[in-house]
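Sequence order for the protein chains is A and B. Remember, my numbering sits 7 above the position in the first sequence when you count from 1. Remember, my numbering sits 7 above the position in the second sequence when you count from 1.
One should not assume that every hint holds.
Copies of one chain are not kept apart here, so a pair can be met inside one copy or by any two copies together.
For lysine-lysine, the following DSS-like pairs were computed, each having C-alpha atoms within a straight-line distance of at most 30 Å [said to hold, decoys possible]:
| no. | residue 1 | residue 2 |
| --- | --- | --- |
| 1 | Lys359 | Lys569 |
| 2 | Lys366 | Lys285 |
| 3 | Lys546 | Lys366 |
| 4 | Lys638 | Lys546 |
| 5 | Lys628 | Lys492 |
| 6 | Lys546 | Lys644 |
| 7 | Lys45 | Lys288 |
| 8 | Lys644 | Lys532 |
| 9 | Lys36 | Lys60 |
| 10 | Lys532 | Lys358 |
These are computed hints drawn from the structure, not numbers from a lab.
2 protein chains.
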Amino acid sequence: MFPLILWFVLIACILSVVLALYLSQFVFKQDPGNEDMKRVAGYIEVGAKAFIKRQYITLYIVIAFISIIVLFLKYPILNITQMITYILGASASAFAGWLGMKVGVKANTRTAQASTKGLPAAFNVSFFGGSVMGLIVIGAALGGVTAIYMITESSNAVLGFSFGASTIALFMKCGGGIYTKTADVAADLVGKGEFDLPEDDSRNPAAVADNVGDNVGDIAGMGADLFDSYVASILAAITLGGGALLIAANGKMMESFPLIVSACGLLASLCGIVIVKKMVKDNPGKALNLGTYSASGLFILITFIFTYICSLDPMVTDVSLLYRNFLAGVCGLGAGVIIGITTDYYTNDEKKPTQTIAKSAESGHATVILSGFAYGLESVAIPTLGVVIAMAAAYYFGGYYGIASGSVGMLAIIGTIVSNDAYGPITDNARSIAEQGHLSEEAIRICDHLDSAGNTAKAITKGFAIGAATLTVLGLLFSYIEEVKDAGIISIALEINNPNVMIGALIGAIMPAIFSSVLVKSVQKNAELMIAEIHRQFKENPGILQGTVPADYAKCIDIATKGALQKLVIPIILSMIGPVLTGITFGVSAVAAYLVGTILTGFMLSLLMSNAGGAWDNAKKYIEDGHFGGKGTEAHKASITGDTVGDPFKDTAGPSINTLQAVQGLTASMFIPIFVQINSGLGLIKI
Amino acid sequence: MFPLILWFVLIACILSVVLALYLSQFVFKQDPGNEDMKRVAGYIEVGAKAFIKRQYITLYIVIAFISIIVLFLKYPILNITQMITYILGASASAFAGWLGMKVGVKANTRTAQASTKGLPAAFNVSFFGGSVMGLIVIGAALGGVTAIYMITESSNAVLGFSFGASTIALFMKCGGGIYTKTADVAADLVGKGEFDLPEDDSRNPAAVADNVGDNVGDIAGMGADLFDSYVASILAAITLGGGALLIAANGKMMESFPLIVSACGLLASLCGIVIVKKMVKDNPGKALNLGTYSASGLFILITFIFTYICSLDPMVTDVSLLYRNFLAGVCGLGAGVIIGITTDYYTNDEKKPTQTIAKSAESGHATVILSGFAYGLESVAIPTLGVVIAMAAAYYFGGYYGIASGSVGMLAIIGTIVSNDAYGPITDNARSIAEQGHLSEEAIRICDHLDSAGNTAKAITKGFAIGAATLTVLGLLFSYIEEVKDAGIISIALEINNPNVMIGALIGAIMPAIFSSVLVKSVQKNAELMIAEIHRQFKENPGILQGTVPADYAKCIDIATKGALQKLVIPIILSMIGPVLTGITFGVSAVAAYLVGTILTGFMLSLLMSNAGGAWDNAKKYIEDGHFGGKGTEAHKASITGDTVGDPFKDTAGPSINTLQAVQGLTASMFIPIFVQINSGLGLIKI
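In isolation and in its complexed conformation, chain A is listed as follows (with noise of 0.2 Å):
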């Protein structure tokens, strides 16, 4: 029987969803602006429900292909239980998505209105149209995972529901990032580099394509890849709390205590939202951040209590236990909080690195490149030894089960997280929209303003959501051995020097290397052909680049959307047979060394990509700024290159690697009943 405090945990999850809905409505009743403005947004609205739902079609499609292979994973046994969890994880997720979004949308021209009666107006819609997002996936997610442990006490069905969330994710993620910057490449290029045209100017036939990218790509992408990693956290922690040892010593209180601590998460989240809320004055980047660490202090806190609670259950009879994981939860939250403040260092514009690499665009675009590109190998380096550090304390203080205590308590604060995530790309149309409304300076001021606190904030979000992908796939792998062993199978070999296991690292290692390579080159490609596009209506219609002729922003919509699509096709199927394929050919221990060759190439090449693209993008806005000659100096021109480069870089290859990671490892999860019928799990190849 689980421990009755688990009913705490819906409560609270509840609450969350209601609080959403609550924000949803604020929102929507806010003043949407005047006609050009509404028409604007209406745009933006139509392109991206337009690429929501041919999007959730072709979803709709896989999910039920997979669910077929769901039930049939264990034949001749049907495997209806993690069906249904399958099935359910996955409309979880785009509930979560499809609301978010749907917010998104209608928040940006509201916020564009209340900049009118000044900052802090225009702040509040902002920030609550963003955490709307961070509520409802902290709700969906944890709720769905908890609902479905108290149903059926077993993590084998959360780890159905945890695989649903990763193929929304995937999805959502790839999709949307190859989406946004399709738009964002194509409109930079042409309208900066071709025309002179300034941001967002609404003769761009790809200015709206651009705005519905960052709901799609920055708000639904991103809540959906939180989504995943926060549930497979939680799922890692649940199947290590269940391990024999445990269960001896606390009952279910181990199982139960990654859901307890999360719902402490999702209170120091929302006491965050009401923070930032009450902080914000004229600094808004100031009161996210402030939010973010103050929640941070405050899960600590309530943890604490909690833990304590937990403690007085008559089942659990090694206290020290509890706390030694509530500890190794805080080593991981510091780990995300070394990991976000390197990522600001290094792509903050009054830090070395940007600075420098700005500079570097005076002597041309290939050393703007090679100086960008050097700095993102070298961030690189703390957030790993921050990672080691976390790791190395919460095995200490808690063994394996530790690790994934530490992805749990990084992840905790996601509600946060995601809130301030969802805040940019509303603040970066809402600054479009007042452009393009022709509202006055003051008001284009202020939503500026608070686009720029969105860039500084994301910088230290996304730097969180790398590390805790990490932490997490590493929690994944020690459930995946976990599951292995209790499958009975007893020949896993795990030493390095076993060659399969170097076989597997070295073919998981490829991985983030391929998928990177095919989101980079679709983003390109599609660019190629927006281009062209654009190209095409600038000759036949010269009235638009003069303003008296609309520009056809639906065909620049429509490339972007099935450019997006047809380009998913390819990573996902690798990103799913990758793990398969190794387990069938090479065995389990193959799969498991797998995941560490993704792990060490993946978190390289996304720290890497992430960091690198973020400061050519803030060099470039340091150049705008007036530094180095400022706009249209050649080094303005080096450093929108560096910008171009970086933006597949930082929000499609880079942050998709996260959910790559999480799709493989419980890919992997998912069939050992396959690796196991083959041969024992020692594979079809056995050396």
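Following the hints, put chain B in place on chain A, whose structure we already have.
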């Protein structure tokens, strides 16, 4: 007692050295051309000697310092043998580098002069010039190892030799790589980018430094790098060949077998050189590749014969062991060929990737970078699968020892590889000298033809080098584990779910990234210094650009030399201190995992950087050949950006990672006595 057949190995090595000296005399005797040519060649020679002199002075100090550390490694026992072999290894590699370069800087102008007599004559001079490096590397390396083994019969003594070679390689490869690309990037950016000077124009103050760089980077650096890999691969096989089971089966034969296999490779390389010379008519590129392939075929034949001879030795009781390891060697060679062909596919301008990259230059600087980077990432896949298949097959045939045999097989035809490789910079320089010596158009065309053949051959040899380095480090990893076991630590725990293993792997995984970051930054910063110097010269002496006043080449040479030596410090400290600190802190298991981490990310990064760089280079040449508008177009400018970014990728950071890996593998083995003393190998932090 070692098998008597080792005397044959020693004789083959002496033959190789004698032939190298004979060919160098042949080169020296050729006509160095007219006064202009001699003057330019003189500049290059003086510049190269100045660099090597300063480099070697630094090296003497470092070698002396490390010798002392080596001497006290097993304190209170004085480690005299290893100290002596360490110094011998360093000296042998330094001598090979010195001779190869001495001949290289003589062969360039003589090739140019011979080109007036037709292609075969010019090819002979340049190819024999390159062959000196190939023959001296293989002779000195294999001869040194064989002699030491015959005298001491101890793999530990060979370890010292290998570590010495590896210290030199680190200096020569990183220093040479920084030097050559500093000059190349600066010369291109100012010459082509700003003033529209043709390649190698004598008005460019960086022109001579660029030529010097070809010699110190691509001849001396590459030679030292392959010397290092070659010795390390043999060392790993000797160490594993000394395992109790193998000794019980075949006595000392399996310890000696890698030396015999390598000698067969030496003979095959000699035949390869003869074949190239006979086959060259009007297609030098085809002749070079034919040389590589026929050396591979002959290696298999000759090794088979010698395996049979070895099987007759009375100490051999298990004949199949010999044949199985012969097959493992063939697998290794096969993987080398696969990697070479893949590298060629991704970087040859007759193939799709390079042409696509060239096409994307039409859309601008950013797209050419994205496209090249994406192909670079993709190019990792097939070589990895090649290594996986070779490793699996080699293990199937011969266990861990088989994997080491595989890397010996892959590196056996190193004589051919180094010869073809050193040929490249000689012809590159010859072209430049022919132009500056105002030779006939026909002569320049011949030099051009020879030069482009060198580029194609280089792609294949570079792929070989990377693959070989990876298999070698794998061999070193297994020999490290063997040595740790010999050192009497029973508690080495290599399971990937041991947190120390994950920690070691994570730390090892970031090393190639940090290392590359430092190297790329060094090139970029030094190039900026040199660009400033070129600007200064053009400004203060407008006559230079008009061709009336000679440029001050010495200043640029000085900047490249000083910069390269200064910037060496950090990467060298990093690569040696990484495994040592990891071992001291987290123990011997963590160091083994550290090597795995380094292999995984290092293999990926080095292939990515080398192949993307090679493809950018050839995409630029493809455009210069008249495609997509040809020279002077925007597409051409964008392709120059790609080439400039690619320069430090492909010739500094990418290949230096090979050296890094070998150095780390050897450092790990060297410091086992220290690790053992600290808490019996468990390290300071025990989790």
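Hint check results:
1. Lys359 to Lys569: between (40 Å within a copy, 25 Å between copies)
2. Lys366 to Lys285: neither (39 Å within a copy, 54 Å between copies)
3. Lys546 to Lys366: Answer is between: at 22 Å across copies they meet the 30 Å cutoff, but 36 Å inside does not.
4. Lys638 to Lys546: Both: 26 Å inside a chain and 27 Å across chains, each within 30 Å.
5. Lys628 to Lys492: Intra 53 Å, inter 56 Å, cutoff 30 Å: neither.
6. Lys546 to Lys644: both (24 Å within a copy, 25 Å between copies)
7. Lys45 to Lys288: Cα proximity of Lys45 and Lys288: one copy only (28 Å, versus 74 Å across).
8. Lys644 to Lys532: both (22 Å within a copy, 20 Å between copies)
9. Lys36 to Lys60: within (25 Å within a copy, 77 Å between copies)
10. Lys532 to Lys358: Intra 34 Å, inter 19 Å, cutoff 30 Å: inter-copy only.
Hints 2, 5 from the list above are not met by this structure, while the remaining hints are.
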